[in-house]
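Q: Each chain, written out:
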Amino acid sequence: MEKRVRFVSAWLPWVLIAPQMAVVLVFFFWPAGQALYQSVLSEGIFGGDTLFVGAENFERLFADESYLESFKTTAVFSLLVAFFGMGLSLLLAVMANRVVRGAGIYKTLLIWPYAVAPVVAGVLWLFMFAAPMGIVSFVLRALGIDWNHLLNSNHAMTLIVVAAVWKQLSYNFLFFLAGLQSIPKSLIEAAAIDGASPWHRFWTIVFPLLSPTTFFLLVINVVYAFFDTFGIVDATTHGGPGKDTAILVYKVYVDGFKAMDMGGSAAQSVVLMVIVVTLTVIQFHYVEKKVQY
Amino acid sequence: MASITLNNVVKRYGSGKTANQVIHGVNAKIDDGEFVVVVGPSGCGKSTLLRMVAGLEEITGGEIMIGDRVVNDLEPSERDIAMVFQNYALYPHMNVFDNMAYGLKIAKVPMAEIEARVAKAAKILELGEFMKRKPRELSGGQRQRVAMGRAIVRQPQVFLFDEPLSNLDAKLRAHTRLEIQKLHRELGITSLFVTHDQVEAMTLAQRMIVMNGGVMEQFGTPDEVYSHPATTFVASFIGSPPMNLLSNAPDSEPGTVVGIRPEHLDITPGGWALRVDALEMLGFERLIYGRWQHGDGDEMVIVRSDEAQPVPELDSIIHVTPRADRLHTFDAATGKRLSANA
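Residue numbers (my numbering), protein chains in the order written: chain A, 1 to 293; chain B, 1 to 342.
It is worth saying that the hints were derived from the structure and are not from the lab.
Each hint can be trusted.
Here are the in silico distance ranges between beta carbons for each label pair:
1. A:203 / B:203: 35 to 43 Å
2. B:20 / A:178: 24 to 32 Å
3. B:132 / A:211: 17 to 25 Å
4. B:132 / A:138: 53 to 61 Å
5. A:286 / B:27: 54 to 62 Å
6. B:187 / A:101: 39 to 47 Å
7. B:72 / A:103: 22 to 30 Å
8. B:129 / A:200: 27 to 35 Å
9. A:135 / B:43: 50 to 58 Å
10. A:5 / B:181: 53 to 61 Å
11. A:203 / B:181: 35 to 43 Å
12. A:203 / B:10: 33 to 41 Å
Note that beta-carbon positions come from the ideal geometry of N, C-alpha and C, so glycine has one too.
Bound conformation, chain A alone:
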């Protein structure tokens, strides 16, 4: 059977993809091109007198201690987000997979956070962690922990990790649940007859069979932590205390629009672009081929 659609007219296909192309061109290729262009320029503080400087912005960047520090911060942040986000959602998915009654309601509730904008998620958790009256900080104080994310950088990191994990939980949960449901029940039953305890069954049968999903989510979560968490950081810690929660994408904004170093900021964007391209390539390359049972 012929599956490809054949168009009689030559221009109709182009018209049909035009809206999508327009969006991609205007909101991706144009700014990306701008970033590439600006990353090799040095701009005067009042604009106007731009200067071609070649790779100087990049050299400056990698000699900058605070930039390398931001790399480390981002690595820690994204690993924590990926680890806790995926671990927690896997736990929830395993439990949801066992629920028989009211499964629909349970799943709907778990999927809701996905509809919340990152900034709103950040503000939500900021309120709960706010030092004098937030519910979480109140409980923590009752437990003897003097919570202050404005002064303690570990506390600040915890806050943005919690907000970021909560926001991404629904997405991970959905994929893990779908992954769990695609594992034939008879495999679990066969393992049960073979004498495997539920714990052993999970780690020797279920978890290996979930590995394609897990790998996919790992890449997605790292990309998410790198790029989609700007709103959370901006709404809660502003990268502070000091620059201890200034992840790379936040630093792009601060250096570009607060410190007005357009060239340096653009160079950072280019570095981020390289990272996301690499992750995407890994994703496409390995998810289909290597990580399979």
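For chain A, the structure is supplied; the task is to place chain B on it using the hints.
A: Showing chain B alone in chain A's frame:
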């Protein structure tokens, strides 16, 4: 090895008004070393019954014993059983060796013995060259043998088979049927085999349980089930084409159903006059679908004839006589067998 005893086994899903009872008090004793086939149409509860023996379904009522142990509340792993699933349920991320060794590793059998046992099973099932392959690299028949191997290496008290041949093509199915028979002769392990295929049931079973609607209709040897069906359901389910069941045959008692197998009708002058509706030429045999018109109406009668007989014309009239000693009588209301049948 062990016997399996089912004492008034009941399965019900849900409770109260919405309860849905799928097994209605099954009683059976499967002897040590016996090969018993549970056969019935889909939805008759045969798989549920097997899964209850395996411990994959809870037992709502009654008692299941393996050997002299009541297993109602035992986990599947504690029942000393092995099961072959319809889709084989091989662990897709493990190679053939690991699939077969999985249960033994959990049981902490020493590695040397695991290897010996797996090698022995592999030899019986001719799987030696596939030990390093993943299930997806095997054909359907090979996967089926791995599933059998996984059951054999455990050396269980009881084998449970859940329609293990239904995913094979017809030729391979016939071949595997023979292999299972051979395997059972060699190992002599008590086996419970579920199928919807009456040919599998007739060929494999030492005794068979015929189920319908969650009720055990008959429990007997294939020969008993074929020649002395206990109910009209068994009479029509076992045998292909099914037994002719005539609800208003002349000179039969009212309220009874008369049964006669297609091969027990002889084409002779006199007797019942049938109008030939359709013919099926199967080479070694012929099936004649006749319509029998008599006083109260008409009924479809299937006659099995062979090459020795002339082929009747469509719409012509043929005359058949039932062999008197092969007539079965059933109660029309309950479907239960009435005649002792000579």
